[in-house]
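> Each chain, written out:
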Amino acid sequence: MNRNRANRRLVIALGAGALLVILGLSGKAGPIRWVYDHTLAPVGHTIAGVGTGMSEFFDNFGKVSHLATDNLRLEQENASLRQRLAADADTRRDNDILRRQLGFAVAGGARTIGAEVIAFQPDSYRQFITINRGTNQGIAKGMAATSDGILVGLVSDVSSTSAKIALVNDPEFRLAVRDDDSGAEGILSGQLGNGLIMDQISQTDKVKAGDSLTSAGLGGNVPRGLYVGQIQSVNTRQNAVFQSAQVVTTLRANHLRFVFVVLGL
Amino acid sequence: MKLYGLILVALLSLVLQLSFLPALRPFGVVPNIVLIVIAAAALTGPLVTAMILGLGCGILLDLVSGSDFGLQTGLLALGVVLAGYVSRSGLQLGIRVQLLIVVLAVTTISAIIAILGLSIAGARVSIGTATTQSIIILILNCLFGVLFAPICARLATQNELYGKQ
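Just so you know, the protein sequences line up as chains A and B, in that order.
Just remember that the numbering used here sits 796 ahead of the position in the first sequence, which is counted from 1.
Just remember that the numbering used here sits 7 ahead of the position in the second sequence, which is counted from 1.
Among the hints, erroneous ones may be present.
[Said to hold, decoys possible] Only some residues are given here: those of chain A computed to face chain B with a beta carbon under 7 Å:
1. A809
2. S851
3. Q999
Keep in mind that the hints were calculated from the coordinates and are not lab data.
Virtual Cβ for every residue (Gly too), placed ideally from N, Cα, C.
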């Protein structure tokens, strides 16, 4: 008798669970998400900070032997970037003058909104984060998110008070990107186990290691010119239609605490 | 009193699963401690309690996860059902061995579903990397299971709401 009662309760619990899943699939789990966003999520954000700190602590042990070479490389990169910034400032000034003369609106910076990362993907196969901003703050699906000047991902799902962002290293991530140095365009994809790859690059395009990649701005809500990463190596095969390139980014997904969602230009 | 302790442990494991563990990423992977807590609760206490906890935790994980909605809920429910079979199978196995069996089974099924799902969706998946990651997750889940099984078991037995079965 007890066993029958227990089995009945089990079936009822399973039925309730299935109902909740159906509600979630049909997009009606908003109230549950609202409760989570306002109760557990803030606690999660604080605890994530502890996890990030510990992760950096352990990471630093492995980096000690490379400190000197990394320092030298970074100093050289810094000097090169400063020169480039100075040249870009001149180019921007010339651009503004020409736009005014032609009657175009002066190109402005993108409008962004800052958000805290309140949760991470709970498994190892996908790369998503959840932020504490949603449609109430003007965020929509497909918008780009950046951190430290690097594109970190695209908004994949949004509710009134939170949004999920698919990171660039998620295996299903796709974005049209452009090689700033050669003008080549291709598709950036994430790979399981980290790492990015840019493929569908025309065989006639000359891409090389060290080239900077930015978003191509071809359709959607992602503006042109958001920095993505650098080409690490190029894979060219004579009998292939396209070439591909391995891309490296300085994004450390598990250390993200704050991101900026690009609302528009 | 112990039911509330179990709920507290489940909530704590949920928060850690969504924040601390992904931020820390030991050996580059995220172990599943919610599965361990729910499986331990199912092995030593009433199945209904474990199922309700598992479904609740699963729904919250699905709300945050970018994977298909219902996957985490389904896996935790599967864990409870498997735990029910293992604990009532009549085999004289200790709590740790039973938990290892459940964790091994659910983690393996979870890895297969995730990798198959990504492959079907056209994602770039290196079988070698995926297999290595899955093995590391399996080892870490088993390790956490062995460490935390007695704590969860102590909280799950003789809870006041449904009584011991």
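> Against each hint, give a clear statement of whether it holds in the structure.
For each hint, the structure was consulted:
The criterion of a C-beta within 7 Å of any C-beta in chain B is met by A/A809, whose closest approach is roughly 4 Å, and the hint holds. About 5 Å separates the beta-carbon of A/S851 from the nearest beta-carbon of chain B, less than 7 Å, and the hint is met. A least Cβ separation of about 20 Å between A/Q999 and chain B goes past the 7 Å threshold, and the interface hint is therefore violated.
The structure fails to meet hint 3 from the earlier list, while all remaining hints are met.
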